[in-house]
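> If you want the building blocks of each chain, they are given just below.
Number of protein chains: 2
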Amino acid sequence: MLYTSTDNPKIKKIKKLSQKKYRDKYNEFIVEGRHLVLEAYKTGHLKELILEKNELFPLPVETNYVTNDIINYLSILKSPTNIIGICDKKKEVKEIGRRILMLDNIQDPGNLGTIIRSAAAFNIDTIILSPDTVDIYNPKVVRATQGMLFHIDIIKVNLIDKIKELKTKGYKILGTKVTVGKNLKSVEKMEKFVIIVGNEGNGVDEEILELCDEYLYIEMSPMCESLNVAVATSIILYELDK
Amino acid sequence: MLYTSTDNPKIKKIKKLSQKKYRDKYNEFIVEGRHLVLEAYKTGHLKELILEKNELFPLPVETNYVTNDIINYLSILKSPTNIIGICDKKKEVKEIGRRILMLDNIQDPGNLGTIIRSAAAFNIDTIILSPDTVDIYNPKVVRATQGMLFHIDIIKVNLIDKIKELKTKGYKILGTKVTVGKNLKSVEKMEKFVIIVGNEGNGVDEEILELCDEYLYIEMSPMCESLNVAVATSIILYELDK
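In the order they appear, the protein sequences are chains A and B.
Going by my numbering, 198 is the number at position 198 of the first sequence; the sequence numbering is gapless.
Going by my numbering, 165 is the number at position 165 of the second sequence; the sequence numbering is gapless.
Just so you know, the hints here were simulated from the structure itself, not pulled from any lab data.
Fair warning: this is a prediction, and the values are worked out from it, not measured in the lab.
It cannot be assumed that every hint is accurate.
As the list makes no split between identical chains, a pair holds if one copy fits it or if it spans any two.
To be verified - Computed list of lysine to aspartate or glutamate pairs in DMTMM-like fashion (alpha-carbon distance at most 25 Å, straight line):
id, residue 1, residue 2
1, LYS25, ASP88
2, LYS78, ASP132
3, LYS42, GLU219
4, LYS169, GLU188
5, LYS89, GLU225
6, LYS90, GLU225
Let's have the full structure, built from the sequences with the hints guiding it.
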């Protein structure tokens with residue numbers, strides 16, 4: 001079917017998926033571009049395909065066509081890719097793994113997406129987000145994950161309760177501070193761990209830090225106060241991947 | 001002096017500094033926020049301060065005041081900080097150091113700024129950019145450097161000519177590829193090196209790769225094709241900082 005008007009209820013509904021409240025209501029989100037749509041399809045999340053009317057992308061899912069104006073209306077990109085996928089949200093995580101990344105209140109969508117991408121690269125099993133972390137289905141987060149969103153388990157729960165539970169199960173709880181603690185370069189291999197990274201401006205919450213067994217820091221020039229949070233997290237995950 | 005109109009020639013000129021051609025014409029650029037303005041001042045780059053009329057920030061440089069509307073007009077931020085600094089561009093680099101980062105055609109301002117910040121953190125002496133790399137004085141680049149722009153030497157030249165010159169001076173030339181070469185984790189300490197990182201989508205130019213002595217790659221899960229370029233570069237710089 002070809003849709004030609006932004007007033008069409010179906011198009012209006014897709015547009016609403018750029019807002020969290022509608023993503024939560026419909027339990028759906030959108031991805032853009034061939035690579036992300038393919039990752040969604042391969043992992044069983046792709047529900048429907050919306051293509052610009054001259055675009056070809058044969059996949060065995062419901063496919064509808066729209067005008068170029070509608071693609072521009074729906075896209076968050078400066079140069080839209082003409083391919084939009086409507087996806088089901090990920091299923092609930094039943095069991096958490098041995099290598100856990102915990103994120104306390106990350107606010108920038110690009111940072112969260114980049115961290116998810118790096119976590120998949122460095123073999124993290126489960127990402128645990130504080131409830132105030134930016135939504136993983138935010139289109140900018142999805143884009144920055146480069147499809148890795150579909151390949152890693154992510155849950156959102158109260159961190160303090162979860163840390164207390166994981167401590168009883170033998171996980172080593174590692175906090176991050178800018179200068180205090182153990183130099184990341186001397187960290188040993190661990191079987192079961194939780195590494196906790198904090199908010200862009202404020203770092204990890206004090207109450208959470210008190211629950212940690214150890215703190216890690218990244219050695220750097222005294223001229224530089226800190227690193228970008230996605231960079232710092234990725235360096236830590238790179239080093240812990242042994 | 002208090003400026004109240006966006007039609008004022010002085011305000012118009014400041015606004016133009018958001019465009020590269022005017023930054024080049026006037027040899028100036030702008031920074032926003034207390035932290036960046038202070039870094040500009042401490043390193044001798046701050047020429048003039050523009051404050052929202054109720055803002056206090058006593059620094060011994062020419063200070064002018066503007067209305068809130070003008071701050072909003074000049075700022076690139078969603079929540080402007082009420083503090084704008086007009087800076088002289090950095091002086092020409094006379095001598096390059098022993099630890100060099102070379103960037104081939106990085107296009108995203110956030111990526112370039114983040115890389116500059118990490119390069120300062122991990123003791124790179126000089127950053128060499130290809131002529132087609134995004135402008136370092138782009139406001140989004142400046143913001144992402146978190147002030148580190150003022151603390152590291154940066155030059156923009158033809159990379160191939162420069163690599164040929166540096167090879168004759170005993171620098172080890174290291175390229176980066178996604179999977180081929182030497183695992184970054186086994187890299188040894190080097191006295192004089194050039195590490196080359198490439199464009200977001202295309203990596204390092206083939207002609208440049210042919211000039212390299214060795215290639216480095218970051219080991220990661222086969223599920224993940226690549227990392228964000230600022231993340232990958234930062235991990236490499238972290239590992240080379242020994």
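> Each hint should be assessed against the structure and marked as holding or not.
Hint by hint, here is what the structure shows:
With identical chains, the CA atoms of LYS25 and ASP88 are at most 25 Å apart within one copy only, with a shortest distance of 12 Å there and 51 Å across copies. For the homomeric pair LYS78 and ASP132, the shortest alpha-carbon distance between copies (20 Å) is at most 25 Å, but the shortest distance inside one copy (28 Å) is not. Taking the shortest Cα distances, LYS42 and GLU219 sit within 25 Å of each other only across copies (24 Å), while inside one copy they are farther apart (40 Å). Taking CA atoms no more than 25 Å apart as the test, LYS169 paired with GLU188 passes inside one copy only; the shortest distance there is 20 Å, against 39 Å between copies.
In this homomeric assembly, LYS89 and GLU225 come within 25 Å of each other (Cα to Cα) only across copies, at 23 Å, whereas the closest approach inside a single copy is 38 Å. In this assembly of identical chains, LYS90 and GLU225 lie within 25 Å of each other by CA distance solely across copies; the values are 21 Å between and 37 Å within a copy.
In summary, this structure violates none of the numbered hints.
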